[in-house]
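Trainee: Residue-level listing of the chains:
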Amino acid sequence: GENVEQHPSTLSVQEGDSAVIKCTYSDSASNYFPWYKQELGKGPQLIIDIRSNVGEKKDQRIAVTLNKTAKHFSLHITETQPEDSAVYFCAAVKAGNMLTFGGGTRLMVKP
Amino acid sequence: GAGVSQSPSNKVTEKGKDVELRCDPISGHTALYWYRQSLGQGLEFLIYFQGNSAPDKSGLPSDRFSAERTGESVSTLTIQRTQQEDSAVYLCASSFRPRNTGELFFGEGSRLTVL
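For the protein sequence lines, the chains are A and B, in the order given. When we follow the working numbering, the leftmost residue of the first sequence carries the number 1, and every step to the right adds one. When we follow the working numbering, the leftmost residue of the second sequence carries the number 1001, and every step to the right adds one.
Wrong hints could be hidden among the right ones.
Said to hold, decoys possible - Pairs of lysine-lysine, DSSO-like flavour, derived with a Cα cap of 30 Å: (1) B:Lys1057 / A:Lys94; (2) A:Lys68 / A:Lys58; (3) A:Lys37 / B:Lys1057; (4) A:Lys68 / A:Lys37; (5) B:Lys1057 / A:Lys71.
Rather than coming from a laboratory, the hints here were simulated on the basis of the structure. Remember, predicted model here, so these are calculated numbers, not experimental data.
Kindly generate the complete structure, drawing on both the sequences and the hints.
Mentor: Here it is, written out as structure tokens:
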């Protein structure tokens, strides 16, 4: 089955800096890669996703890149703000299967 | 309500007791998922319901775990003879589209502590 590894497990940045979280996946047939943000005491919430037919997607301060050849994808947050502090999960899936989540990254943005 | 609702939000039980966790999905969502999140860990898939089809139980860790869903409504996750390693947050999610082809909407979870 699919295996998703996520790094780093914790990340601390100064407000205004950029943050990058990286994930690798094992199944080359995976074609959908969402990112979820989980704030303390809440359930995860989708923030951005990318499908295998594109290499990059942006939404304001958030961007995701996908390298199918290397089987890795990354989340980029620019101009970080304290409210970006949360746990971020990447995931990968191919059609008909269940999402496989990475282990999560705890992002701390220091004011 | 507008979102996925889970109850109880917190449950403390003694080892060996049975527990029931409830999930009320977003109205109209045909797909329903249960995940387990152990402390500091990722999200572990447990079970998936899609409409009236047979559920995908491939993620259930043991036969002490079971879940039911009637049609496209409420689901209950039952853990029998709880063990300390069952302590975790149990998250329910629903989706309008089947098989992870769209956004999952998660509830806030039920935190289970087994003493």
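Trainee: Taking the hints in turn, state whether each one holds.
Mentor: Comparing the hints with the structure gives:
Our distance criterion of 30 Å between C-alpha atoms is met by Lys1057 (chain B) and Lys94 (chain A), whose separation comes to about 18 Å. Among the hinted pairs, Lys68 (chain A) with Lys58 (chain A) is consistent with the structure: their alpha-carbon atoms are about 18 Å apart, no more than 30 Å. Note on Lys37 (chain A) and Lys1057 (chain B): the hinted pairing holds, with a Cα-Cα distance of about 26 Å set against a maximum of 30 Å. Taking the CA atoms of Lys68 (chain A) and Lys37 (chain A), the gap is near 23 Å; set against the 30 Å cutoff, the hint holds.
For the suggested pair Lys1057 (chain B) and Lys71 (chain A), the alpha carbons sit about 28 Å apart, so the restraint of at most 30 Å is met.
When each numbered hint is compared with the structure, no violation occurs for any of them.
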